[in-house]
Every structure is written in structure tokens, then in C-alpha cells.
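The residues making up each chain are set out below.
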Amino acid sequence: MRLLSRFLKGGSGELAKKRLKLILAADQTDCSPELIEMVKEDLAAAVSRYMEIDQGGIEIQIRQAAAGTGRKIPALYANIPILHMGNKGTF
Amino acid sequence: MSEVIVITSGKGGVGKTTTSANVGTGLAILGYRVVLIDTDIGLRNLDVVMGLENRIVYNLVDVVEGNCRIKQALIKDKRYPNLYLLPSAQTRDKTAVNPGQMKKLVNDLRGDFDFILLDCPAGIERGFKNAVAGADRAFVVTTPEVSAIRDADRIIGLLEAEDMNEIDLIVNRVRMDMVRRGDMMSVGDVVDILAVNMIGAIPDDEDIVISTNQGEPLAGTDSLAGQAYMSICRRLVGESVPLMNLEASKSIFRRLSGLLKRA
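Each protein sequence line maps, in turn, to chains A and B. Each residue of the first sequence is one higher than the one before, counting from 389 in our numbering. Each residue of the second sequence is one higher than the one before, counting from 16 in our numbering.
Because the hints were derived from the structure by calculation, they are not lab data. Fair warning: there could be bad hints in the mix.
In silico DSS-like pairs for lysine-lysine, Cα to Cα no more than 25 Å straight-line [what the hints assert, rightly or not]:
hint	chain 1	residue 1	chain 2	residue 2
1	A	Lys405	B	Lys26
2	B	Lys91	B	Lys119
3	B	Lys144	B	Lys119
4	B	Lys26	B	Lys118
5	B	Lys86	B	Lys118
6	A	Lys409	B	Lys26
7	B	Lys26	A	Lys406
8	B	Lys144	B	Lys118
9	B	Lys26	B	Lys144
Bound-form chain B, shown alone (with noise of 0.2 Å):
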């Protein structure tokens, strides 16, 4: 049984595209067949994240338009079992698509996959369209700003109105430090505020940065990051993962170099 999830947000520049990477990876480690869908059409980056944009052939537009087989299109992973790559094409756009084709393509690659993850493009209009058109479920990713929760709420109303009926929140960025002293919204003030089931948080990481620079998602390494993704994918099959203290994961080595570098 496959299962089609979305990961949306509204605003642009929250994570998307870093958390498609980071539950792709994740999943594929846990063993399941993963293919990830960049439906950006126009502005593609997962390719980048993932480090596989050196070998794109086909993209998502080719495989719609008929111009190549699905399977031509795909692009493993060599780094993990099992995960694929659908690229967008970067030379067309959003109206190169449409929802009715793209339920079809997700339909075609259901029986091939267990999870078949699509980063949405930012905004609300038709490349929203078209990514939900396809999707089981959604993730919706926020960051503790008020931009970013408004956006989310917005997306959250479209996604009911769609019928879509699993709605997950995943609150990116969170600097505990911040929290800590009152000038950033906690996780539970966030959830509070969307009131969605909230599947996971992410701490803000400069790790991130770094794996965005090499091409390398996270997921699977020790970084807090990295092991608050792997909780996700736990959730997500099934595994009941406590939250992770965000705050309490900071080791007292990086607390302490971050100390001295302030002074």
C-alpha cells in the first residue's frame, strides 16, 4: 500500500524542499521504496539538495508530455536502497501541468513505491494545485515566525477544502535559545494557534546549511537536525518516537564553544 503525502507550507523559504530531502532519505533508510516528486515546475531545487542534479535526463514536464517513460525519468540514489528522484524541468512552468496529470502520474507510480513524497512549490495557485491534486496526505511546514504561521493556516484551510483529509505540521527552524527567553513562539504555542496534529519539530541547525552545500540530506546522521527528521519518518510508519527535548539536545561541548565565542 502506497501512500501519496504533499509537503506544502504557503510561504516560500521554510523547508520544503530540505524536509522532502530529509523524509525521502529517511524513509529509504528505514527500508521503504521512496520516489520524490519536485513539483516546482520552473524553479527546481530538490536535484540540488539531493546532489543529483548532474544526472537529470528526463523531467517530470518530459514524462507528462509522453516525450520519455516514467522509469527513463527516475534518477536512484546510489547512496541509499530504493530512493528515486522525479526532477522538475527548469525551462517551463506551472502551467505545463496540470492536476488531472499529475493524479495520473502518482496513480502510475503506486504500485512501484511505499511512499511517494511531492515538494510543493510556495504559493497557493496552480502548482499548489497540482501537487495536492495527487496527495493522500499533507505535511504542512511552518517556521515559529508570524509570516510563516499565517501562510500555514491559509494552506491548511485550502487542504480541508480539498478534502484532504491528514494534515501533519512540521515546525522547522526552531531555535530553542529564542524560545527560552521569550522571543520565539514555543512548538506548543504553534500547534496551538493551527490546532493540526503536529508530526514533528525540527531544531534550526547550521548542519543544515552545510548538507545543502555538499548535496547530502541529513537524515541518518547524528546531527540534531538530522535525528529529529529520522523521528519523523518514524511517526510516519508507525513508531511511536517520544518529541525530542530540542532544548536539552544541545551538547554542553557546542553550549560551551558557543560560550567562549562570545566572549
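In isolation and in its complexed conformation, chain A is listed as follows (with noise of 0.2 Å):
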């Protein structure tokens, strides 16, 4: 196996490459999928206190954001759809 990835891929160094790229995004956001979705239901509550959305358009991800030293560093990107602005009568 090691042999053949040699051949195939170049050497260890390259694999090296690929495996800290993974490592290092799973590093940098820690967390795993059912904690985005626990975030996504918990911000559509908070909003929908305040206006009207559509709950099942929401789209949350982890995107990788210039720092104030350039380098990416891991931010949350929220995209609700938003039906009527205004409060719905809660308040």
C-alpha cells in the first residue's frame, strides 16, 4: 500500500499535505454536523422572535474568513430567509 501510493502520488511528503489540510480544518472549527444543525434550530428561534422567517430555507455554514493578520481563520455564515419584517404579534 505505501509502496504503491509512492508510486502513484510522489512521496510521503505530498500525503502529508493532504492529511494536515484535513486535520487542520476539523482543528480550526471543531465541531461536528449535529452541533451545526443544534446552532441552526437555536438561531431560528431567536430570530423568529423577532421576525417572520422561512424555517426550512435557512442555511448555516463554516466558512474560512480573513483574520486582521490575513491569515483564514473559520467564521459562521447564516442565510435566513426572512417572510415578513416586523414582530409577529409576540411582543
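Two chains, two separate frames, one set of hints: put the complex together.
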């Protein structure tokens, strides 16, 4: 297996690079898909107290964004479609 | 105007202390007033790498606890003008000092030195927080290995969280023979993955071991690593020094003798 991968993809350096990219992405976001789902539900609940939103249309992503030093850091992006602005009479 | 630089890595054994010793020595050779502070309380090493272990009277903890004045604890390196070492305590632990005390200590030294280099302990606990507290900028040392790079990434994240605005990378122990045959990540790969500015790369060099054995830093000598460290110092003071071609720099003579040894 090792010999094979060596012939196919060059040396182990390339493998190290690939592994690292995955490891760092997991380290930096430090969250599972279940956690993302929980964030989504809580966000929906919080926002819908103030405006009517399309619960099914919410999209949540963790993407790389540039920090002050120009380095990439993970950032939470939420796209929440609004059906009606203003409160729904809850307050 | 003094500049306080913390030399850190997360992972142990990647060359923080060697880098501290050589960058400090190099800056002193260039004529700057430099103090090296070993912040690894309980596991002091910088004194040995600098060859100054026999001259320690007082240490960092003595200064912080007020058992002596700062000037009494500073060891003057007789080989280089303007180079001083503040050794760490060997018989205490990291909790003997807190970040506030470290900040004060560093600020007290600013008036007397152009560069204050803090050799940080491995890890991300108290010792790291102490060392980082007083620093204006950071050098993150890594080697082209998966474990070291992963820790470097974590450290960079922590430094950013501490609002460290200048972070530079030093890629240490690069083996061009391995890079060439594809079995080691190149300096470019490492920079690409960590996405911070690189201030220098150091080739893997036997002379480093010899220099540590002797207690004499390599900066200023014509060894490969010595030259690479000197380049870092020059870049640090604003000179534009092209990146060393680590590949071509191995002399033909050495390469031949290497071939002969193998044959």
C-alpha cells in the first residue's frame, strides 16, 4: 500500500500535506454536523421572535474568512430568508 | 524603540531554544542591544545552549519575587557586545510567575535593549501565556512535519486570539534531499498550509548539534544554519535578504563526501 501510493502520488510529503489540510479544518472548526444543526435551530428560534422567517430555507456554513493578520480563520455564515419584517405580534 | 519577540511553537523539540539563541546572537553581532529571556521555568535550557550555565547567580523568578534587581540577574555574554541572558529558574514551576509580572519585567527592560527575545516553553498552558503576555510580535517555529505543523496552527490561532498582530513563521530542520524526493513537505507547502508570513527557513544541519555541544551559537559562522539564522536577523531589522536556496547551498565537497560514505 505504501509503496503503491508512493508510485502513484509521489512521496509521502504530498500525503502529509493532504492529511494536514483535513486535520486543520477539523481542528479549526471543532464541531460536528450535529452541533451545526443545533446552532441552526437556536438561531431560527431566536430570530423568529423578531420577524417571520422561512424555517426551511435557513442555510448555515462554517467558512474560512480572513482575520486581521490576513490569515484564514473559520467564520459562521447564516442565511435566513425573511418572510415578513417586524414582529409577529408576540410582543 | 525596543521590540519584544516571543519565540514559540506549541510542540516541543522543534528548535525554539536554538532559534532564540541564534537570533539573539545574530542581532548582537549586527550591533543591537539584545536580552534573551528563558521563560521555561522548571526546564531551563537556553543557558546551556548559550554556554552560560556556569555564570547563573539569580534567575527570572528571583527578579519577579524581588530577591534581586534585574541588572543583577542579567548575564553578560562576553563573546558578543550587548548580549545578555536572563536565565530561568530550575527548581520552581510555571505558576511562580504570572502574565502581569512578565509584562512588567519586559517593560522594565525596554529602555535598555533594542530586542527582547522570549524563549517560550512548549505547550499552551501557563508558561505560554506568561511568555506571550509581554510580547509585541511572535516567531512561530515549526518543522516540516505533520505534528509540528498542526501544533503551529493551533498556536497561531491562540496568538491571534491574544491580539498578537505580527506573527512570523520559521521553518526549521528542512532536509532538501528529502524534499527533492518528495518525502518532506517543502517550505512553500508549510507556508501555504499555515498562511502566515515566513521570516526564514533553516536547513537541517549537523553543525547545530555540535554548536549545542559546545555552547556556542552558530549565527555569524559560515555553517548553513548559521547563515540562515543571520538572514532572519537581517530581515528582522528591515534588510531585504532573499530566501536562501537551501538546495544549492550544500557544498559540492560535502555532497561528494556524502556519496563516498554511502558507497
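Now the hints, each set against the structure:
1. Proximity of A/Lys405 to B/Lys26 is assessed by CA-CA distance (about 18 Å); at most 25 Å being required, the pair is judged to hold.
2. Taking the CA atoms of B/Lys91 and B/Lys119, the gap is about 21 Å. The hint holds against a cut of 25 Å.
3. Taking the CA atoms of B/Lys144 and B/Lys119, the gap is near 14 Å; set against the 25 Å cutoff, the hint holds.
4. Distance restraint check for B/Lys26 and B/Lys118: the Cα-Cα separation of roughly 24 Å lies within the 25 Å cut-off, and the hinted pair is therefore satisfied.
5. Proposed proximity of B/Lys86 and B/Lys118 is supported: the alpha carbons are some 17 Å apart, at most 25 Å.
6. Of the pairs offered as hints, the one joining A/Lys409 and B/Lys26 holds, with about 18 Å between alpha carbons and a cut-off of 25 Å not exceeded.
7. A threshold of 25 Å between alpha carbons decides the hint, and for B/Lys26 with A/Lys406 the separation of about 20 Å falls inside it, so the pair holds.
8. At roughly 11 Å between alpha-carbon atoms, B/Lys144 and B/Lys118 fall within 25 Å of each other, so this suggested pair holds.
9. Between the alpha carbons of B/Lys26 and B/Lys144 the distance comes to roughly 15 Å, so the proposed pair stays at or under 25 Å and holds.
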